[in-house]
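Which chain is which? The protein sequence lines are A and B, in order. The opening position of the first sequence corresponds to residue 3 in my numbering, with each subsequent residue numbered one higher. The opening position of the second sequence corresponds to residue 4 in my numbering, with each subsequent residue numbered one higher.
Worth flagging that the hints you see were computed from the coordinates, not collected in a lab. Note that the structure is a prediction, hence the values are computed from the model and not measured. It is possible that part of the hints are untrue.
[As the list claims (entries may be wrong)] Derived DMTMM-like pairs (lysine to aspartate or glutamate); straight-line CA-CA distance at most 20 Å: (1) Lys140(B) - Glu218(B); (2) Lys166(B) - Glu97(B); (3) Lys182(A) - Glu59(B); (4) Lys182(A) - Asp124(B); (5) Lys235(B) - Glu105(B); (6) Lys195(B) - Asp143(B); (7) Lys60(B) - Glu19(A); (8) Lys93(B) - Glu106(B); (9) Lys195(B) - Asp124(B).
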Amino acid sequence: MELINSIFELLFGTDPELRQIIAVTLRMSLFSTLFSSLIGIPAGVLLGANDFRGKPFLTRLVNTLLGLPPVVAGLLVLLLLSRSGPLGSFRLLYTVEAMVIAQVLLITPFISAMTANLVGVNAKVINETLVGVGIHGPKRLKYFLLDFRVPFISIILAGFGRSIAEVGAVQMVGGNVQFKTRVMTTAIMMQTNMGRFDFAIALGVTLLLISFLVNSIVNRIQKAVSDD
Amino acid sequence: MKSNNPRNILILTVISILLLSAVGCAQEPVNKVIRMSTTTSVNDSGLMAYLQPEFEKATGYTLEITSAGTGAAIEKGRMGDADILLVHSKSAEEEFIAEGFEEVRVPFMYNFFVIVGPADDPAGVAGSATAAEAFQKIADTGSLFISRGDDSGTNNKENAIWKSIERDPAGQTWYESVGQGMGQTLTIANEKQAYTLSDKATFLAHDNSLVMHLEETDDMKNTYSMIIVSAKRFAESNVEGAQAFVDWIKTEQARKMIAEYGVAEYGEPLFFNLD
Chain A
3 MELINSIFEL
13 LFGTDPELRQ
23 IIAVTLRMSL
33 FSTLFSSLIG
43 IPAGVLLGAN
53 DFRGKPFLTR
63 LVNTLLGLPP
73 VVAGLLVLLL
83 LSRSGPLGSF
93 RLLYTVEAMV
103 IAQVLLITPF
113 ISAMTANLVG
123 VNAKVINETL
133 VGVGIHGPKR
143 LKYFLLDFRV
153 PFISIILAGF
163 GRSIAEVGAV
173 QMVGGNVQFK
183 TRVMTTAIMM
193 QTNMGRFDFA
203 IALGVTLLLI
213 SFLVNSIVNR
223 IQKAVSDD
Chain B
4 MKSNNPRNIL
14 ILTVISILLL
24 SAVGCAQEPV
34 NKVIRMSTTT
44 SVNDSGLMAY
54 LQPEFEKATG
64 YTLEITSAGT
74 GAAIEKGRMG
84 DADILLVHSK
94 SAEEEFIAEG
104 FEEVRVPFMY
114 NFFVIVGPAD
124 DPAGVAGSAT
134 AAEAFQKIAD
144 TGSLFISRGD
154 DSGTNNKENA
164 IWKSIERDPA
174 GQTWYESVGQ
184 GMGQTLTIAN
194 EKQAYTLSDK
204 ATFLAHDNSL
214 VMHLEETDDM
224 KNTYSMIIVS
234 AKRFAESNVE
244 GAQAFVDWIK
254 TEQARKMIAE
264 YGVAEYGEPL
274 FFNLD
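Isolated chain B, as found in the complex:
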């Protein structure tokens, strides 16, 4: 009778797999769904949720948005799990393009990174001419700085600024790399009353007591690009759908929506269209 047991297990396994695959059968027509992988800032700031219904209404496509730091967002393109990327890290984007994954890359909007910190500004960052100067002051005074440390666009930007002043803050007592998204990093910076580099949109949409000490310097421009993932690497990539989004974002209607986003709530736009 014992010899029957493995067979039972086998039968059960087969039944379970059949049942599982039955759940998986409800598939929509492929070309109507666009898998978009975005950086957290455009999602956490609410921009995508605001644009999505209008885009879907105008074109009949369905957007499925997943968001992660730019490094992880681009990785989804590399794995073939996204049709279009919406990211903001020039160095990481160029690497992706050099590997031959991209069909088209369209820079389409920008905003500014901001340096935020405790209201009393212990490092005296306010009034600096550049982000580099502000970082120098933070390092010189040893004021606590929280780094994303997650290979995101913001993290890459931060590293580039440290590099430009030839400082390597890793391991310093005043420097903490937390490996979290922008929202969590702001929460941590707020709890510790520390400085951090943030994109402006996420900062404004986030509830905290930190203050923007420096914004809109030349070295803090933050450009967002759309990258269509090439069908040459993944035959199933919905290039057509991705192109429809790229075309739609350039329409008067979309540009107007982007330019107006945040004005009612924060008194200023969160993103600006590129010409």
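Only chain A is shown next, with the shape it has when bound in the complex:
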């Protein structure tokens, strides 16, 4: 009962900090998912729909990146964006942008691999049909994107789930700066470190509620799209 009270207090109470943390979390996850999808889905279609030399190698490479530990991605981006790193002059370390970059690195391979798998199974039939009606080359991309729009939404949603739940990389490159880069997961970690398990659990449940809400909205969209 106390837990429900504290969740309610967190969400609708007088302290604006949690709402601010939620806003940063959503901003980060939405941008991460957007960019990862913009890169990952076309790349996945190209990889899945075509036969070319080096395809097995490229597929293996994407699958390997799928196993990239978040902390390794975080470390990489940290070293790149640090003032003493090659991209230091952009002043991006400990910003939401840095978190988005690290997450794009993590989620793009995931989205590409899922897309390539999905498209690859049906590629032969679709390609034959498209060639049959005189559509060649890069123009096919549009038809693949249209054809798979419903399952693509699920893939994007899975990417969003990864993004919002990730903690290792965003802690490293975001730095958990209050009012700036503190997101739900790093806030939960901080509260746990301080031994405030109640508060940490309340934050955790809130995170799940938000995920549920986003899923519900997107499923509604998915349904509308497939009913078209």
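Given the structure of chain A, go ahead and fit chain B onto it with the hints provided.
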């Protein structure tokens, strides 16, 4: 038609990079932001969150605080990712200074390390005259001790105490080095009902069933210093902003705030001003 594919990938990559850089454009004026790298104790104890709004109101600067163990906190200064450090490890600070990174170093407050452990105090630590004596008792009785093991200020202090009694506990069955921050280390010590060395502020702010058995001995003073990262190493270092913080912390208002912090909640201050 296959020859078009690499070009598509290239175009997509370029578009993505452009989009990414568009997100990165919202920059605040540089000199108004002070990047502060603190040790975990001043952040996890809530002190910085308590001082920050008053400092920002008084000076118009914005503080961006990241916190980590002292070793990692100083490393951020070395990498040019902080303008000012707020740390507590004399040996690590002196190393940093010797490397020529520091503009000014200002010791400004202190508190005490404490030895905490299970309520029944199996090693009989309570009443020891020094931390060294207490560590000797823990080692002699083979009572479980959890070490930070993370090159933090507290960890360095702990190692110095072991060294002073010429014991090397590494690898002993009663000694566990966990490589975690103070909060997690206290959580682990609490779960295992073990002894550990903690700074007093983090211990008081942390929920656990452990008890302070020894505090305020001469060899457990814990001094916090501010170090401004020199612009000679990193031209962009916000020395001016860092100096504004150093000046502000010495004002009557800030000293009063530090001296009062924790009194309402714990019945005693967590930090003391240095004169």
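Here is how each hint holds up against the structure:
no.	hint	verdict
1	Lys140(B) - Glu218(B)	holds (16 Å)
2	Lys166(B) - Glu97(B)	holds (19 Å)
3	Lys182(A) - Glu59(B)	holds (15 Å)
4	Lys182(A) - Asp124(B)	violated (43 Å)
5	Lys235(B) - Glu105(B)	holds (9 Å)
6	Lys195(B) - Asp143(B)	holds (19 Å)
7	Lys60(B) - Glu19(A)	holds (18 Å)
8	Lys93(B) - Glu106(B)	holds (16 Å)
9	Lys195(B) - Asp124(B)	holds (13 Å)
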